[in-house]
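Model the placement of chain B on the given structure of chain A, informed by the hints.
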Amino acid sequence: MKFSILIYGSPHNSQAVHTAYRYTKAALAAGHEVHRVFFYGESVLSGSFLNAPQRDEQNIMQLWHELALHHDLDLVICIAAALKRGVLDPTEAKRHEKPAHNIEAPFQLSGLGQLTEAILLSDRLVTFGG
Amino acid sequence: MSQKSILLILSQAPYGTPNAREALDIALTSAAFDQTVSILFSGDATWLLQAEQNPADIEQKSVAQVCAALPMYDIDQLFVVTDDAEQRGVEYQQSPASPLGSDALSAFIAKHDVVLRF
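Just so you know, the protein sequences line up as chains A and B, in that order. For the first sequence, counting from 1, position 107 maps to 106 in numbering that gives the first Met the number 0; every step adds exactly one. For the second sequence, counting from 1, position 108 maps to 107 in numbering that gives the first Met the number 0; every step adds exactly one.
The following block holds chain A by itself, in its conformation from the complex:
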């Protein structure tokens, strides 16, 4: 079956992003396809490579990063939700005249149309809220 994942819960104040990660990993292990993971709302904060958790805590950005490289996952961060939360790629940092960016591949910024497309092309959309 072809899944897409929508996450909007906070990576710091909820379990949503981590549960979505475990769900995605389990779906892939069971032989399912994951068409896209769409980060929305507070979950966009999990894409920042400036997150610096303590050593004995999990780095959720790193977990998604590794899973994406291993399975060629499409990790899309909603650009509107990201910009207002200070989550920028080099292009947006330049456009908005900000001194730094904090997003890199395999994460990519794109619009809500990518969520609609994922809904249309997937058998199931599973939402992980706060």
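If you're looking for bench data, these hints aren't it; they were derived computationally from the structure. No experiment lies behind these values; they were computed from the predicted model shown. For glycine and all other residues, C-beta sits at the position ideal for the given N, C-alpha and C. It cannot be assumed that every hint is accurate.
[Said to hold, decoys possible] Subject to a maximum C-alpha distance of 27 Å in a straight line, what follows is the list of computed DSS-like cross-link-like pairs (lysine-lysine): (1) Lys1/A with Lys110/B; (2) Lys60/B with Lys83/A; (3) Lys3/B with Lys1/A; (4) Lys110/B with Lys3/B; (5) Lys97/A with Lys60/B; (6) Lys93/A with Lys83/A.
[Said to hold, decoys possible] Listing some non-contacts, in silico: residues in chain A with all C-beta distances to chain B over 10 Å: (7) His11; (8) Tyr22; (9) Ala29; (10) Gln57; (11) Asp71; (12) Lys97; (13) Glu116; (14) Gly128.
[To be verified] Only part of the chain A face toward chain B is listed, based on derived beta-carbon distances under 8 Å: (15) Leu5; (16) Tyr39; (17) Thr126.
Chain B in isolation, oriented as in the chain A frame:
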């Protein structure tokens, strides 16, 4: 592009978190892609339908105005869980949302291809 019926179930209060506004943005985008979008206001999200909101008092933009504009974007399938609204004393009667009782919810939700919950 293919067609799916999308149901957004809102359950959180309009102000205090961005969830309601961001969920409505999904509705507007999906409608722009010619999808059939319905919205169900449940729980604390029934407050989105409250008449005479004045969010300027807390320096917020009006979520009610976004709701009022939905029919202009062909999102006219709006529903409110009446039990939830009445339990909270929400004055939803003048809103464009159609009343839906709790007992009809499961059958209503099952009619849609995709359900997103906020």
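- Message: A cut-off of 10 Å on Cβ-Cβ distance, and histidine 11/A was said to be off the interface with chain B. Does that hold?
- Response: Answer for histidine 11/A: holds, closest chain B Cβ roughly 14 Å.
- Measure nothing beyond the straight line between the CA atoms of lysine 3/B and lysine 1/A; if it is 27 Å or shorter, mark the hint as holding. Distance ~15 Å between lysine 3/B and lysine 1/A Cα, so the pair holds.
- Message: Run the distance test for lysine 97/A versus lysine 60/B: straight-line Cα separation, threshold 27 Å.
- Response: Holds. Lysine 97/A to lysine 60/B sits at ~26 Å (cutoff 27 Å).
- Message: Check whether the Cα positions of lysine 93/A and lysine 83/A lie no farther apart than 27 Å.
- Response: 15 Å, holds
- Whether alanine 29/A stays farther than 10 Å from all C-beta atoms of chain B, as the label says: Given a closest Cβ separation of 21 Å, the condition holds.
- Item | Status of glutamate 116/A, Cβ more than 10 Å from any chain B Cβ | 8 Å, violated
- Query: Does lysine 110/B pair with lysine 3/B here, judged by a C-alpha cut-off of 27 Å?
  - Reply: 11 Å, holds
- Interface-negative label, tyrosine 22/A against chain B, beta-carbon threshold 10 Å: 15 Å, holds
- Item | Hint check: 8 Å Cβ-Cβ cutoff, leucine 5/A to chain B | 7 Å, holds
- Query: Would aspartate 71/A pass as off the interface with chain B, using Cβ distances and a cut of 10 Å?
  - Reply: 24 Å, holds
- Would you check the hint for lysine 1/A and lysine 110/B, treating anything up to 27 Å between C-alpha atoms as holding? 21 Å, holds
- Message: Checking a non-interface call: every C-beta of chain B should be farther than 10 Å from the C-beta of lysine 97/A. Is that right?
- Response: Since the minimum Cβ distance to chain B is about 21 Å, lysine 97/A lies beyond 10 Å and the statement holds.
In this structure, the hints that do not hold are numbers 13 and 14, in rising order.
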